[in-house]
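Number of protein chains: 4
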Amino acid sequence: MTRVAIMGATGYTALETILILLRHPGAEITALTTRSEERPHVSSVHPQLAGRLDLFLENLSAQEIAQRAECVFSCLPHKASAERIPTLLAEGCKVVDLSADYRLNDPQVFEAWYGVKHPDPERLGRTPYGLPELFRERIVGADLVANPGCYPTSAIVALAPLLKKKWIRPEGIIIDSKSGASGAGKSLKPHLMYCELNEGFSAYGVGVHRHTPEIEQVLSEVAGEKVDVIFTPHLVPMERGILTTAYSIPTADFTQEQILGEMRDFYENEPFVRVVEGLPNTRDCRNSNYVSVTARVVKDRIVTISCLDNLVKGASGAAVQNFNILFEYPENTALL
Amino acid sequence: MTRVAIMGATGYTALETILILLRHPGAEITALTTRSEERPHVSSVHPQLAGRLDLFLENLSAQEIAQRAECVFSCLPHKASAERIPTLLAEGCKVVDLSADYRLNDPQVFEAWYGVKHPDPERLGRTPYGLPELFRERIVGADLVANPGCYPTSAIVALAPLLKKKWIRPEGIIIDSKSGASGAGKSLKPHLMYCELNEGFSAYGVGVHRHTPEIEQVLSEVAGEKVDVIFTPHLVPMERGILTTAYSIPTADFTQEQILGEMRDFYENEPFVRVVEGLPNTRDCRNSNYVSVTARVVKDRIVTISCLDNLVKGASGAAVQNFNILFEYPENTALL
Amino acid sequence: MTRVAIMGATGYTALETILILLRHPGAEITALTTRSEERPHVSSVHPQLAGRLDLFLENLSAQEIAQRAECVFSCLPHKASAERIPTLLAEGCKVVDLSADYRLNDPQVFEAWYGVKHPDPERLGRTPYGLPELFRERIVGADLVANPGCYPTSAIVALAPLLKKKWIRPEGIIIDSKSGASGAGKSLKPHLMYCELNEGFSAYGVGVHRHTPEIEQVLSEVAGEKVDVIFTPHLVPMERGILTTAYSIPTADFTQEQILGEMRDFYENEPFVRVVEGLPNTRDCRNSNYVSVTARVVKDRIVTISCLDNLVKGASGAAVQNFNILFEYPENTALL
Amino acid sequence: MTRVAIMGATGYTALETILILLRHPGAEITALTTRSEERPHVSSVHPQLAGRLDLFLENLSAQEIAQRAECVFSCLPHKASAERIPTLLAEGCKVVDLSADYRLNDPQVFEAWYGVKHPDPERLGRTPYGLPELFRERIVGADLVANPGCYPTSAIVALAPLLKKKWIRPEGIIIDSKSGASGAGKSLKPHLMYCELNEGFSAYGVGVHRHTPEIEQVLSEVAGEKVDVIFTPHLVPMERGILTTAYSIPTADFTQEQILGEMRDFYENEPFVRVVEGLPNTRDCRNSNYVSVTARVVKDRIVTISCLDNLVKGASGAAVQNFNILFEYPENTALL
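From first to last, the protein sequence lines stand for chains Y, B, F and V.
Going by numbering that gives the first Met the number 0, the residue at position 62 of the first sequence is 61; the numbering climbs one at a time, nothing skipped.
Going by numbering that gives the first Met the number 0, the residue at position 140 of the second sequence is 139; the numbering climbs one at a time, nothing skipped.
Going by numbering that gives the first Met the number 0, the residue at position 146 of the third sequence is 145; the numbering climbs one at a time, nothing skipped.
Going by numbering that gives the first Met the number 0, the residue at position 76 of the fourth sequence is 75; the numbering climbs one at a time, nothing skipped.
Just chain Y, with the same shape it has in the complex (with noise of 0.2 Å):
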């Protein structure tokens, strides 16, 4: 039996970790913080989980949740989670992080993107990416995971098998990406209230979504050359999924069958990543772990359509894999 702390438990991606974690034969939850003076029950937090956790969210130290848990969850904001993870680590935990904090390189490209300084620069770098499909190996053994981000997962796993084998260039990519709401989170913003999202789609931070120099970065060591892509993420009224749509230039003329053959075989023996024949929708990957893909050629394109939960394979379902690898539990442990 592992134990396990979630640190910011307020929001959505630590209740759909919390949700799976329950179901985890190896993980007990032994803690949960909040940056509030308040020591609310869970259940009030998350009614939800009446009857099924009893915890309080304590404002807890690094050191204080430390000696509670051998591996903590963290869904705090980008900054305030690379703040405390440090800490954690030297008191001997691993962390799984949700946030974005250790997900890119380069210690200037973060302030760049995310308005601030880093607070552990020294680990960007050298801390693994944490979408097994493509970096199992360095996960394995390591102490802390970057959980990757909702849209570049999905994106990630569309384009990485075609940049891999260089049959899509490297630049001009189209990435369109449509989320649902909770992908924003649960914080009291007036385009997210009910009815300012009921019937409307729109696009947002296009061009200038922090996803943008993580997509690229990813997909430019899977290639082994600079990939440079447009990035539009729009926001759906709904509640989960991500569907992302891309737009890149073959090298040459593949058909359908040769690009679906050439994913199947990247992906053959990846347990949460299905290749698929039909156009996939949200809500076959809805409250899963799973990733649908599948690509078309249109005229001199090649069309890729990726979805996946954005709070499960996008975010919490990503992290207990990973937690799962971290602890040599099966990785699919909680996640079927």
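These are computed hints drawn from the structure, not numbers from a lab.
Errors might be hidden in some of the hints.
Note that the list lumps identical chains together, so a pair holds whenever it fits in one copy or between two copies.
As the list claims (entries may be wrong) - Keeping only pairs whose Cα atoms sit at most 20 Å apart, straight-line, the calculated EDC-like set for lysine to aspartate or glutamate is:
id	residue 1	residue 2
1	Lys298	Glu170
2	Lys164	Glu215
3	Lys185	Glu195
4	Lys165	Glu220
5	Lys78	Glu327
6	Lys298	Glu267
7	Lys298	Glu215
8	Lys164	Glu63
9	Lys116	Asp299
10	Lys163	Glu261
11	Lys93	Asp119
12	Lys298	Glu224
13	Lys163	Glu256
14	Lys185	Glu57
15	Lys163	Glu57
Let chain Y serve as the given structure and place chains B, F and V on it in line with the hints.
Leaving out everything else, chains B, F and V in the frame of chain Y:
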């Protein structure tokens, strides 16, 4: 007072046309038709109209319709529409055709995309495309208008100013569109059930949607050269609204200000096109005949974003706008 | 042409009032007010209005408003409304008050339910309740009208005919109402966030909702004896619409036909009340000023079911209906 | 390991049962049946299951099913279910019947409400009603369990403690229930289309819904006297969840605290019933096997409010709970 008939009155575009016409001081609805043998009261088909319109849906011949109306809005499916329209015209009616039948210029292109022989090929290429923002002078005095498709209007309004000026290249244009479910009509299809669409976002018709040749034909005419697009429609779990994100390659280093300025000039006197600074939301145009459009420069691409209500400016509102032009009412009558 | 002002123009009822008035041939909107010191253009607060209304929201005194308008729609919250209305009336304006301030007759009942002292108690009991279907003759010639609450309108329209006739008993009436979220206004409350309301149906304010005394007061007046109700509102994951299911005890063995017949007689000349055979749906009344109502006899109870659009007949549509009566426009102007 | 079959595997309750069983360490799904002659892979019917379950839907006889499974979950419609179950039982299977076939005790009542002759009337009255919270001891050791209806579970859980104690009167009970659309199943019905249900709240089956006799039968048994209810179901524009607001007449002046206390005592050892202080929301129970219930005293009535997920505790979760009892797995296996 102009007597008007709605042909094919059971569907969503018919209902929307009726609701708009009920506010029109110059229009009197005198006939509603159906191809079924039943003769239901309109309020049993559209409960919204109880107490507002006292007519029955009738299976009328084109001759019978022509006796009752000076203008006919055809909400029939493609082919069925063009089978009846020649008679209506011969009988002296003016017709606004909301089907796709008279939008394409070439009968062979029609047959290739719609899978049926065109019943009235002679009128193709001579029927004005009912987008007054581009072709108002052709609509004035016409007896038949081809009301544009919903996706095409959203794409054309955004791209026409830039293609006209040759500020973007005519090839490599990516049109990524997202539509609410009312665009698919009222037929009983499994994927349109509430429990299948709710929380379900998906692409469909990738590379093969029938609006593709319509978009290319109109944009080619505007550009004065062949325009080639990759068009991907998506279904959004909402009822109304289309948002189109288009990616095009500029022919020089234009700034966002230049592009928005050019759009503003292009639509300077248009009552229903709004060039906006912020990112538009389908809610902004819901239940109205307005289009909102903006542009961003992202790396080496121009990203245009446009939205409208697929049932209003994308169908019935545009139809009434065309009706107003045909019958010399102020163009915004009943559309404010 | 009547010059009108909207006081408190940032919210949903203000937007809806504006949209209706834009279609009103006799109304010219000349002022929009806000209690904030900023002076935003109306299109930045309500993007729907871009290109349709060119006004700024201004922090105007009652005197300043009175100089610009002959009629004021107050969309301010309770108390704030009654603090300004006496001055408007003294300056010669007519006022339709969409707040709850002048609905109750007794200042002590107001204070008990709203928790504040009434700023203008003398007018209570002398201000007509703006439900023309019951009190039209009081509204004609008035200078101030108390626009009804949304839940009360839905309940009163269904029960008034039966109480008037003494066909149901005045006690033991269960009113189980369900409303879309726009009824809660535009304020940032956690339970109104998309991800909290989506798929979330709940009761609220059980036994303590402020519309209870309003319903009882009006029904008691209609019945000519004290009417006592149990009122339970619920929040539905939708934007607009109220449906009220009420259970009352008949005083004799009435049939469904008798009850519907009585309702039809009662509302015979009412343009906006539809007594229907089938079970009404909130969609039937959406975006319209209509109420649909029906009744069923189930065992020893009469079940009445009524619905309306909370923002139209439940607020802004009723307000314009009252405006039409005050200024002698045809009562359905702009409401078709 | 128990081999299980799902009979009638195309619908929503079948899918939900499969998803729960995939997490059950003691259950192996060995057969999925359909009454159609096609033999589709389960992933083509339920794309969610791609990569998770590799079975085909087969048109199997009861004998064939019995050869493959020790336990059968019947998700067939009423009548079809009872036509097959006798054979399954004769072949030695245990059966959890999710249809309504074995819930009512009296074949004539069944025939009156379901409009068909019961195919297996001898078992009526002798089959345990699968609500373990009330009838666990009857389920233990049974070979057939009648899984309760979704509305009945929501109503019975709230009212049983009070009727048992005779704290409320057995007549004049108003049960006003609201359900998401998945309760209506997957069939193509116009009112279940997205564009008809979105923003559409309505009552249906007023006074004539088939769950009425089921509720009355179970509550009468609990009360030890005839219980009479007025039951009004409503359709909510959401996918999952039932909330039931019930109004009953207390037999003495009980306080809210007394009522909640009595409910807590009644369900003290029940793992899936949560008696809560606050007003429950369908979201609290979504995707879980929990029921939340509370009570308020309003004037001379007790208002109880209860909610659950219609597909889990209202169907498939309860079915697996019954399966766990039948096969002596811990009752909450796969349900956490």
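Hints, one by one, checked against the model:
1. Lys298 - Glu170: This pair counts as both: shortest intra-copy Cα distance 18 Å, inter-copy 11 Å.
2. Lys164 - Glu215: This pair counts as within: shortest intra-copy Cα distance 17 Å, inter-copy 33 Å.
3. Lys185 - Glu195: both (15 Å within a copy, 9 Å between copies)
4. Lys165 - Glu220: within (12 Å within a copy, 37 Å between copies)
5. Lys78 - Glu327: Answer is neither; intra-copy 29 Å and inter-copy 50 Å both fail.
6. Lys298 - Glu267: neither (28 Å within a copy, 35 Å between copies)
7. Lys298 - Glu215: between (25 Å within a copy, 14 Å between copies)
8. Lys164 - Glu63: So Lys164 and Glu63 fail the 20 Å test inside a copy (48 Å) and across (48 Å) alike.
9. Lys116 - Asp299: neither (42 Å within a copy, 29 Å between copies)
10. Lys163 - Glu261: Classified as within; 10 Å inside a copy, 41 Å across copies.
11. Lys93 - Asp119: Within one copy only: 16 Å inside, 60 Å across.
12. Lys298 - Glu224: between (26 Å within a copy, 18 Å between copies)
13. Lys163 - Glu256: within (18 Å within a copy, 38 Å between copies)
14. Lys185 - Glu57: For Lys185 and Glu57, only the intra-copy Cα distance (19 Å) is at most 20 Å; the inter-copy one is 32 Å.
15. Lys163 - Glu57: neither (45 Å within a copy, 41 Å between copies)
Of the numbered hints stated above, those contradicted by the structure are hints 5, 6, 8, 9 and 15, listed in ascending order.
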